[in-house]
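Visitor: Reconstruct the complex from the two isolated chains, following the hints.
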Amino acid sequence: MGHPMMEGGPLQPTQALDLAQTALRQALDQASKGLVGRRALVEMILLCAVAGEHLLVIGPPGTAKSEAVRRVSKTLSGNYFEYLLGRFTEPSEIFGPVDLRRLREGELETLTQGMLPEAEIAFLDEVFLGSTAILNTLLTLLNERRFRRGHTLVSCPLRICVGASNALPAGHALEAFADRFLVQVFVEPVADSSLEDLLALGWASEEAPPQACARMEHLDLLGRAARKADMSKVRGRLAEVVRVLRGEGIVLSDRRVVKAQKLIAAAATLAGRAVPTQADLWPILYAIPGQKAQEGAAGYLREFLKESQNGTLMVAALEASQGPRARADSLCRVVNALLASRPDDVASEAHRAWCLKLEGAAREIDAGFAREALPEDLAKARALVVAALAVDVG
Amino acid sequence: MKIPLTWSLREVPLVTRGLYAQGGAARRVARLVLERSPEGLCVVAGEDCLILLGPSDLLPWADGVVYLGQEPDAPGLWMPTTCVCDLHPVLVRQMLEPKHGLPLLCLPAQGLFVSLFAQAPLSLSRLGAWLAGRRHE
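Protein chains in written order, with the working numbering: chain X, 1 to 394; chain F, 1 to 137.
I should point out that these hints are in silico values taken from the structure, not numbers from a laboratory.
Each statement offered as a hint is correct.
With a Cα cut of at most 25 angstroms, we get these calculated SDA-like pairs of lysine to any residue:
| no. | chain 1 | residue 1 | chain 2 | residue 2 |
| --- | --- | --- | --- | --- |
| 1 | X | K357 | F | P55 |
| 2 | X | K357 | F | G24 |
| 3 | X | K357 | X | L389 |
Label pairs and their calculated CB-CB ranges:
| no. | chain 1 | residue 1 | chain 2 | residue 2 | range |
| --- | --- | --- | --- | --- | --- |
| 4 | F | G40 | X | V251 | 42 to 52 angstroms |
| 5 | X | P13 | F | G40 | 53 to 63 angstroms |
| 6 | X | R243 | F | V15 | 29 to 39 angstroms |
| 7 | F | G101 | X | A170 | 42 to 52 angstroms |
| 8 | X | R302 | F | P75 | 15 to 25 angstroms |
| 9 | X | V346 | F | G46 | 28 to 38 angstroms |
| 10 | X | A274 | F | H88 | 40 to 50 angstroms |
| 11 | X | R255 | F | V15 | 29 to 39 angstroms |
| 12 | X | R255 | F | G76 | 38 to 48 angstroms |
| 13 | X | R352 | F | E39 | 10 to 20 angstroms |
| 14 | X | R302 | F | G46 | 31 to 41 angstroms |
| 15 | X | P189 | F | S115 | 31 to 41 angstroms |
| 16 | X | G272 | F | G76 | 44 to 54 angstroms |
| 17 | F | P75 | X | R352 | 33 to 43 angstroms |
All C-beta atoms, glycine included, are put in the ideal place defined by N, C-alpha and C.
Extracted from the complex, chain F is given alone in its bound form (with noise of 0.2 angstroms):
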């Protein structure tokens, strides 16, 4: 039995601790990190999209990023900060947990559901890498 997942915009937005960027947006955050250094953040990146996770004050801004938070009441489940699923949380993860395993990022808007378990600390070079990578396409 199929039951759709529909999301509605939070009142109360989710503590920031991540970020998902894509494409030109990815590429900003990227250059922005490399600059900066900073400490304490994973990063899993994808063939076209990057995503930070760690403090808020860590993240770098730029237009277009998504800002991700987890889900109180049903931790390893994240999602946008506005966004929240109009089923209960805590059913959300159990219909998703089999398929998709925990930590899983889910993105109304795009349509995915991304799984975080590959996380890894911040490495500077291989990020540095990813950058090189994109600026070739």
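One chain only, chain X, in its complex shape (with noise of 0.2 angstroms):
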């Protein structure tokens, strides 16, 4: 198969970009459609990779925290390493083994074929585990993308690296690492309600793997178009946001302030937008370390993140704004995605789950919106929502 952009002749910078964003959204799609409740991660996880950041997942194990990475890395068709750190995990298991044939000669160099250096998406599982040896060369590679040991020295073609804990560290030396990790991303078990939709895409997903719908030039693209993106529009919110953090006793540090922009950014590019707006502000929320205080921000900042919306990454715009903008995107795109997967045997046991999920959409509708309040793409969702159950309902 042809490289997309490169066949027909060369394309204009926006139709490349146009490319680029449809390509992300078929991988996002993809890389969501075995995973319950993990949609808001996996827009986390592309939204870093864009800005060039990396994230932290907290949450028990079996939470589908590697998959979602997994998934990820699949459908960009990238480089992936992955590796689950312990106490005793020597550096070599992560960025290679000694090239004895040089050690002969004097010169410690590593062999990073298939490992951590030569990754473009990298996921490290119980990550704060890693020896102070490991953290150290890994924190020189997040930061700088360069993998310096002994002789050796090489530039890393990392896009993000995803790392995973049960917990945040305790103790100053690794809440320093953790610090690294610009997203932070909470996750929970899948919820009672949801359960036999986890057990049926468990089950599907193992027989059907995610296709790769995108590659790294568009991500590449998308990271170069976000670092142009002009911030004077949104600048001085973001600096008020800031200051009612930190008037409710959430500090981020200088450097989270300064990073968080990268992300707004590359929001509004996902978004279609060249101009990072309000609506842009959202993923600040998951720039705030710790589940509480992300909590008790999502209140303080409610009227700031309430115009959010991105139709790229709904899912985490809605969790992080819960504002109506991003309701009604998400629960459009649910009703859109139900009319289209309707059963044909209206007497099936498939039909009767498909008309309870129609129901339960239009349960949400109307107890998130006021009928007087509903936006016009969402009132004719629930218009549509409205015949298809009086048609297989009765």
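Guide: Here's what the structure looks like:
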């Protein structure tokens, strides 16, 4: 298959950007297909990859943390490295073994083939269990995208490293290391009401792994566009947000505040905006360290985030802002997906389950919006749902 | 001294934990509940209205149903998920409790206060009888 960006001659910059956005949306959908309740995590992984920042996911074992990263990597055709760190993990297990032939010649070089220094997407489970030797080398790799060890000095193609842990670390040294992961996402086991979906999708995903539908070039193109974003319209609001957070005792390091701009710019780019607006401020919530702090901040920042809207990262924007626009976008997406998947056999169990899901969507719309405040697109979606239920349920 | 209660649209809806249905919507809801026999719902039945309380995914949908939630700052005070009183909810509860008791449902659009004190676990036979009584109207 030819590279879509090369077929038919060179593309205009806007065409190439549109193609990249479409490819990434498809990658998002593919990566999320086999997962329940992890769409926001997948969206944040992609956002960080475009922004060139790293992500920490905190949650109990068995909550699909590594599966989410693996699926993203497959849909992006990325060079992937994954490892479960332990207290006795040797640096060579992560960065590569020492080249013995060169060592005999008196030079300490590392064979990095297939190891973290050559990865484009990486997942490190139990990331805080690594030894000082590992974490120190990792710091340089994460910060500078360079691997330095003995005589080996290589540039690393790493777009994103996702670290995982059951809990945030206590202790100043590890907190400093955790601070290198700009975004923190907290995951819980799937809700009771979604267990049937989890069982069905989990079974199906074994048989149908995600398909590659984007490339690193798409990611890089969007990253370059994000770096050129005009932040002037949104800087003032961002500064206000930081002041509000400080006033409530939530202090972001200067490094976090400055780097949060990369997330905002990336969110705008993925939403198709060259100039970030207030609709793109929502990623700041994910840059706040600590689950309680994020939950508290969601309340304090409600007014700032109520305009949040992102056609590509709908669920992450919704979960950050709970704003009406983000909720409406998410519900429209759910309704459209349901209406497109109507089972033909009205007597089947699948049809009955589908009707219940459609009812659930109608319930969320009516519980979430007063009739007079329904956005136009959601009102249309509601009308389609009501019509479908009238036909199918009677 | 009378203090008027005015209501606004809530920015973030309450967690859905019940529904209020009247007339045709109430009969539709009753039929759906009888078909599905969910466990874990409580009911308050009126002359021409039905109130169901329980987990959101057990609550049926029908056009015209009003979904309900409990004010987190004033437990016992129920209202439509999309409404918020312009007065602080604790004050509202203090004002209404002596006259109406708790738990209490406020329905601003209908101009009603409905006591939920008499809520009872759902009985399919009694709901069926309620529906049968309404079919003849």
